[in-house]
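Those protein sequence lines, which keep their order, are chains A and B.
The first sequence runs 1 to 830 under our numbering.
The second sequence runs 1 to 134 under our numbering.
Just so you know, these hints were derived from the structure itself, not from any lab.
Backbone N, C-alpha and C fix where the C-beta goes; we use that ideal spot for every residue, glycine too.
Treat the hints with care, as some may be off.
[To be verified] Dumping the calculated DSS-like pairs for lysine-lysine here, alpha-carbon to alpha-carbon at most 30 Å:
1. A:Lys745 - A:Lys727
2. A:Lys725 - B:Lys61
3. B:Lys60 - A:Lys651
4. B:Lys121 - A:Lys662
5. B:Lys116 - A:Lys662
6. A:Lys662 - B:Lys110
7. A:Lys98 - B:Lys61
8. A:Lys727 - B:Lys110
9. A:Lys721 - B:Lys91
10. A:Lys679 - B:Lys108
11. B:Lys91 - A:Lys725
12. B:Lys110 - A:Lys176
13. A:Lys679 - B:Lys91
14. A:Lys101 - B:Lys110
15. A:Lys721 - B:Lys121
16. B:Lys121 - A:Lys708
17. A:Lys215 - B:Lys61
18. A:Lys318 - A:Lys337
19. A:Lys727 - B:Lys91
20. B:Lys116 - A:Lys678
21. A:Lys181 - B:Lys91
22. B:Lys110 - A:Lys532
23. B:Lys121 - A:Lys727
24. B:Lys116 - A:Lys721
25. A:Lys176 - B:Lys60
26. B:Lys61 - A:Lys679
27. A:Lys725 - B:Lys108
28. A:Lys662 - B:Lys61
29. A:Lys727 - B:Lys116
30. A:Lys825 - A:Lys721
31. A:Lys91 - B:Lys108
[To be verified] Some chain A residues flagged as far from chain B (calculated, every beta-carbon gap over 10 Å):
32. Lys8
33. Gln24
34. Asn39
35. Ser143
36. Leu157
37. Glu173
38. Thr174
39. Lys233
40. Arg314
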Amino acid sequence: MPQVLSAKEQGLFRTVVRNYEDKQYKKGIKAADQILKKNPKHGDTLAMKALIMNSQGKTDEAFALAKVALQCDMKSHVCWHVYGLLYRAVKNFEEAIKAYKFALRLEPDSQQIQRDLALLQVQMRDYQGYLNSRRAMLTARPSARQSWTALAVAHHLNGNLSEAEGVLTSYEETLKNPPSKTDFENSEAVMYKNSLIAEQGDFQKALDHLESAGKHTLDRLAYYELRATYLTKLGRTEEATKAYRALIDRNSEYKMYYDGLIEAMGISEDKAAKKQLFDEYAEKYPRCDAARRLPLDFLEGDEFKEAADQYINRMLDKGVPSTFANLKHLYSSSFKKDTLPALVQQYIDSGKSEANDEPKRSGDTSKGASAAFYFLAQHYNYYRSRDLDKAMEFVEKAIELEPNSVDFHMTQARIWKHYGNSQKASEIMEKARTLDTRDRHINTKAAKYQLRDNEGDAALKTMGLFTRAETVGGPLADLHDMQCVWYLTEDGESYARQGKIGLALKRFTSIYNIFDVWQEDQFDFHSFSLRKGQIRAYIDMMRWEDQLREHTFYSRAALSAVDVYLKLHDKPLSNGTNGNSDANGDDAAERKKAAKKARKEAQKAEREAIAKKNEPNKATKEVEADPKKKDDDPDGAKLAATTEPMNDAMKFLTPLLQFSPKSIDVQTAGFEVYMRRKKYVLALKCLLAAAALDKEHSKVHQQIVRFKVAIDSEFESSESKISPKTKEVITSEFNLLPASTSLTKFNDDYLASHKDCARRTLSALSVRKLISPDAAPTCEKDVAAVLKLSAITVEEAQEALTLLRSWNSSEVDAFKSSAAQKWPKATIFE
Amino acid sequence: MAEKQPPTIVEGATTGDVEDEVPVAKSAEDRKAAAALSSLDTPRDDEAAGGKDVDQEAVKKAMDRLAGTGTANGTSTKKEEENKPVKKVVKVDQADVALLIEELELSKIKATDLLKSHDGKVEEALRAYITPAA
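Next up, chain A with everything else stripped away, as it sits in the complex (with noise of 0.2 Å):
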């Protein structure tokens, strides 16, 4: 039997909530301790201490008091209620909707678990139980609007969208007043109902009802926008026409707006009357943009070179930095990517004699030669029209007209870094953000291309210069709290390529928890944006947070990681042993140096420790900070350590998969690692999704390959553990190697046909040496002549390089210095 409190300690358990909720803990726990005293056995008590307890980080001991206090009253509510409490803290949020479902039966009528099993409902998206609790607290709460707006909320998310709407007008129904045109709520849950009918595709009702309940939204943009829309999708042409010229006065700049028009008008296909339309609006708006750049897009021939050369002329009078970027989409088109350069070369004479003829456009015209000049180096430096030496000349020139531009310096870097000479680069742009120490852009730029020279500790500094000083853990904490992706991904990449195995996992590591975090934030605005009534706003992030890891940010980070397992997996690092790699020696001095550091920064906390507990008064509240922060693997060496390497890339591997599977190197990178693992039916699926995109992708080649030979072992070998039923399966579904030809035909067919291509000519000639072993020193000598094709990038090269590598072959040497030699201001063949 549960015990029960006198008045006097009723009165103090009301003590411990308010203390619990003021955060006074050690007050909470006093006085708890107090009930406790005469009512050792008393649930809710115990409860509420544990509850504390765990808002000072001492999570362990609050989970197991918390049980104590279940065995004391196992029909507490509150007991059940602080257990999932408990359970939300630690993010098992499945175990928490349990405890809370239980304290919900036995007080069906406690708002407060209902609201707290809610949200946690539909952050773990069980639509069907969020709908069912909603539907329960809007039957205790019937009078308040949030209570209706949530219950659609939730039957939208759980794709019932006439039933939403039926809720929102029901409620609109029970109001005796309308509302008052400035009730924000009011507003958003109007546009919201409007978003509703408009997503089941009834457009002439969501017309109507924009007009009528929707006219004076506060969100007046919304209203042009969507009214435009449903006119256009219902065939009402001309008015569809003047609400798109109403919002391209508004807002001359926006492509979407543009597009509207031209789809309302009819004209897609009109060429001449697009073009007309576009001259009407540069010439109503002298200073738009968007207006000049478009038409670009669809003009060909001479009508391309007249607009392109008033457009580029433009740009460069007025020496606009961005010209280039804003016109290298066009580069897809041959002759475009002729046209530009040519029209700047004409811009670039004519400018100097016109420069002479009218000294008093001095200004404009030296800034123009050098726009100019700066075009031209960034034309020869974009992958489509490469030519680096040309690019180095322009830059130069550009450079000397404006020896202090920060632009032409960083363009000046990126050619370096395109010559492979990543030294070089970071110094030219160290040199660009000394020019303007007080540009962020620029010092980013600089702390990345640092990374890329793997100078970690310079790009740190770098870095620091921008970070919050007072942040404890210096630069590294500030970037991590930051959330800066794209710092951790360059630093985990650049350990990665120093083989400093445990901090590149480390960094990668970070970056998967960053997504976590991200996934996690959305919980609090299940609430506030129901209490904000911004509606529409909320769906959209619940629409993100569901597709959150497609981010190019997570892929890239995650790809790198599951690459580090892989190497992982193929040489282990504690028989590093395997001779040829340097990498590995220095791991393991790394590694040993690592240990040595965490032994000795283990023994300073304990110095520091018994110094603390010597003052009992100081310092109390970085103590009870610490334990929640304090990293016990700062370099990764535990990741390192990982014995399954394999299982490990697959936290990293699930994601990618599930998220982006149109990803060629998604599904490549599945396939190795489920290779590895003897996952043979979903090593198929990975490669046969891989086919589907691009079945002449060098590593799909090599990977089909791979996969029948060792499938053909795998069957043949009488320890085989595959059914028959599964081997079936395989056989029939692996369509990918043509039935009547031997691998070999099959793989020199591909290398014939693909020649020229320096990536998949070694791509065929790995796959040679696989399948006949003899025949390794000319699959060698024939690795060193792609040097000779004439299409080989410095990249390709480096494959090749780091392919010999592998096979420890003796043509490493020549290898390398004619690379050098044909390459002579890379830095990477040294």
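Put chain B on the given structure of chain A with help from the hints.
Just chain B now, with coordinates in the frame of chain A:
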């Protein structure tokens, strides 16, 4: 801005804010305290929301209707749920489920569903699973 501010608006914070912070705090209040606190809350709510803008009668009616559709909806979803299993009364070999779990790394529930949706034919299930989405 001649219009009167609606009564639900409180200076400096919406009513929502006020309502919300109280519940968060009383997370583990004992029953009596909770009841006392929420009885403090409710009259104000009703006054605020129900006083002028909301027609209590209409709310009742709307709630009744909602309950009606709710149950109707509930039964209809139940029907759907019933329909599905009826369609899928498929004998599932546990060995096949185990195979799918092993090969495809699915949870048991998902593996069973996958197998059921292919009439219990494990080869079909495997095939369908690995075929790239068009």
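Query raised in the report: Gln24 of chain A clear of chain B by more than 10 Å, beta carbon to beta carbon?
Result: Fine: 13 Å to the nearest Cβ keeps Gln24 of chain A off the interface.
Query raised in the report: Taken at face value, is the distance from the CA of Lys532 of chain A to the CA of Lys110 of chain B at most 30 Å?
Result: Outside the cut-off at roughly 39 Å; violated.
Query raised in the report: Within a Cα-Cα threshold of 30 Å, do Lys121 of chain B and Lys708 of chain A meet the stated pairing?
Result: Answer holds: Lys121 of chain B to Lys708 of chain A is near 26 Å, not above 30 Å.
Query raised in the report: Within a Cα-Cα threshold of 30 Å, do Lys662 of chain A and Lys110 of chain B meet the stated pairing?
Result: 23 Å, holds
**Report entry** Nearest-CB test (10 Å) between chain B and Leu157 of chain A
**Finding:** Its Cβ never comes within 10 Å of chain B, the nearest being 15 Å, so this holds.
**Report entry** 30 Å Cα cutoff - pair Lys121 of chain B, Lys662 of chain A
**Finding:** 28 Å, holds
Requested in this report: Would you check the hint for Lys110 of chain B and Lys176 of chain A, treating anything up to 30 Å between C-alpha atoms as holding?
Outcome: 50 Å, violated
Query raised in the report: Can the restraint linking Lys679 of chain A and Lys108 of chain B be considered satisfied, given a maximum Cα separation of 30 Å?
Result: 17 Å, holds
Report task. Compare the distance between the alpha carbons of Lys721 of chain A and Lys91 of chain B with 30 Å, and conclude whether the hinted pair is satisfied. Result -> With a Cα-Cα distance of about 25 Å, the restraint between Lys721 of chain A and Lys91 of chain B holds, given a limit of 30 Å.
Query raised in the report: Does the alpha-carbon distance linking Lys176 of chain A and Lys60 of chain B stay inside the 30 Å limit?
Result: Roughly 14 Å separates the two Cα atoms, so the pair holds.
Report task. Say whether it holds or is violated: Asn39 of chain A keeps its Cβ farther than 10 Å from all Cβ of chain B. Result -> About 13 Å separates Asn39 of chain A from the closest Cβ of chain B, which puts it past 10 Å; holds.
**Report entry** Restraint check for Lys98 of chain A with Lys61 of chain B, where alpha carbons must lie at most 30 Å apart
**Finding:** The given pair, whose Cα atoms are some 34 Å apart, is violated under the 30 Å limit.
Checked against the numbered hints given earlier, the structure breaks hints 2, 3, 7, 12, 21, 22, 26, 28, 30, 35, 37, 38 and satisfies all the rest.
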